[in-house]
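Residue numbers (my numbering), protein chains in the order written: chain A, 1 to 301; chain B, 302 to 571.
Be aware that a few hints might be false.
Some chain B residues close to chain A (C-beta under 8 Å, calculated; not the full set) [what the hints assert, rightly or not]:
1) 445
2) 447
3) 516
4) 524
The calculated label-pair distances, taken between Cβ atoms and stated as ranges, are [as the list claims (entries may be wrong)]:
5) A:16 - B:457: 22 to 32 Å
6) B:414 - A:293: 10 to 20 Å
7) A:175 - B:355: 49 to 59 Å
I should point out that these hints are in silico values taken from the structure, not numbers from a laboratory. Note that this is a predicted model, so its numbers are computed, not measured. By construction, the Cβ of each residue, glycine as well, lies at the ideal position given by its N, Cα and C atoms.
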Amino acid sequence: MRPGFFLREAWRSIRANAAISVAATVTVMIAVFILGAVIPSFLYVQSTVDKQKDRLDISVYISDSATNAQVQGLSDRLEQMKGEGLVKSYSYVSKDDALKELKGRLNNPDIIELLPSNPLPASFKVLPTDPERNPDIAARLQDSPALDRTLENGISYAKETSDRLLKILKVIQIAGVVLIGVLLVASVLLIGNTIRLSIFARRREVEVMRLVGATNWFIRWPFVIEGIICGVIGAAAAILLIWGAKIAVVDDFVRSNTDGSLTRDEATTIGFVWLGLILIVAGGLVGALGSGITLRRFLKV
Amino acid sequence: MSTDSAADQQAAPATGRAARRSRDAERRIDRRSLLRPGDGPMIVFEGVVKRYGKDAVGLDGVSLSIDAGEFVFLVGASGSGKSTFIRLLNREMEPTEGRVIVGGRDLGRMRRSKVPYLRRGIGCVFQDFKLLPGRSVYDNIGYALEVTGDNPRSIRRKVPEILSLVGLSDKGERLPNELSGGEQQRVSIARAFVNHPRLLIADEPTGNLDPDTSIGIMQLLYRINRTGTTVIMATHDRDLVDKMQMRVIALERGKVVRDERQARYATVEP
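This is chain A alone, in the form it adopts within the complex (with noise of 0.2 Å):
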């Protein structure tokens, strides 16, 4: 209706009730600090689940006597399997390959030229769409004949790891997603706390207000203006707190960490700018809402 006026009295209000607005500023800091840094581990620990779930793959190992029909046979099936959904994606590895693949991780690679002949077998690499669902893509491919009976009775996945794996990987997401909405709910409260601490301080100005004819909305605005500028202004802080923190621990972390052993699963996060918009946006909204809803208290009547 009238922002310029609006945002005029929110300012005034600020510099009028200057020491609970630094406390409810630094109790927004606060809690979007903490919120910023759950925020980016979550989501760190989440691609991690996703990557381990990644390697939940399953082995189906190939005959050296199978025709090749009878691996086209196999093929087929896994291309089907694909088709609905099942399976994500699937690859065929050679003996060579096989063979290239250990002499890779092996600490003395020279040992492989001691063997006569390849023992290893050729095999499909498969990559499940959901790990859990590895035993029906098992059960589907058990009786091609293609299959080389003699190893794990031509099929291997870790049934037991993976069952104990996304057990505990399912805990992990479940307890982040609580915390996350734990810290959000305890820093509503708290905030909404501070802020009625400053609205009762002027209970009697509401109160005027009210006796000269402002409706619910004219006194209402300046209150919750003033919660978006405490709220943004502590997010930012907080940001800024963040920030130092990711460049001095952090990325310092990361960077005397030189065999990549943390970072090698490409594990992602979020990104900064990304975090500080969401955090800030968090922060506006947090300030707005708290002031809002408690305002209410006083305009009844």
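For this one, chain A is given, so just place chain B on it according to the hints.
Frame of chain A; chain B shown alone:
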């Protein structure tokens, strides 16, 4: 209230920008003058009872009528119901029983969202001034205009006008706590009158002031009354009431015990 719904009904079938604009305009006018007593009385109380809790009685069956343009003193000891009477008028509270009609509007049937518009039509003056602290005299008066959506140019014109009317032309930039009690009350009256309300209610406006200052405030209220504004003033300032010779409504334990024109604070003992 009939005018409001009638305007809505009339405009309802019409569509388009022009129709909407005229409807908005009508609504604006309607809001500015919520109080429209016509030829009828400004205030009507019909069997008004106000109880606080179980035993405490604010008003106990008050029925009376006050015409537009009247100046009325509401007298009585503390706790006789003066403040309750005043606070029922701008719907700071609602009666337990009975009807309060202000400017032709039954306040009991008024929607809560309309109350701010009612209050813009009623100037209020209090014993404790109720000025906004931390705002200059100018801004205090300006605020009452801002809430009505008045534009800045009109505010810059009206505030100095009203300040000179109450004799505070040179105090516009002062803060309320830098002024004397009498001056603060003048600011409060200026704020109450700046929208040129049809009704002005004053709850013990001279309660905190010395006799000389009180007379100044009284004269100000009288001048406002002469412009056609109905003035209701609760007071227990005997000298003031006796001097003015206006209508006096005396309350005692929530009941009207006397209602006389051109009267004194107390009945003259024979």
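* To do: With chain A as the partner, please determine if residue 447 of chain B meets the hint condition of a C-beta pair closer than 8 Å.
  => Since chain A brings a Cβ to about 6 Å from residue 447 of chain B, closer than 8 Å, the hint holds.
* Asked: Between residue 16 of chain A and residue 457 of chain B, does the C-beta distance stay in 22 to 32 Å?
  -> Given range 22 to 32 Å: holds, Cβ gap about 23 Å.
* Restraint satisfaction for residue 516 of chain B [CB to CB of chain A, less than 8 Å] -> Residue 516 of chain B check fails; min Cβ-Cβ to chain A is 26 Å, beyond 8 Å.
* To do: Could you say whether the range 49 to 59 Å given as a hint is met by the Cβ separation of residue 175 of chain A and residue 355 of chain B?
  => holds (54 Å)
* Quick one: are residue 414 of chain B and residue 293 of chain A within 10 to 20 Å, going by C-beta? -> holds (19 Å)
* Asked: Can residue 524 of chain B be said to touch chain A, with a Cβ gap under 8 Å?
  -> Hint violated; residue 524 of chain B Cβ to chain A Cβ min 21 Å, cut 8 Å.
* Does residue 445 of chain B meet its interface restraint, that is, does its C-beta lie within less than 8 Å of any C-beta in chain A? -> holds (5 Å)
Against the hints set out earlier in the document, violations occur for numbers 3, 4.
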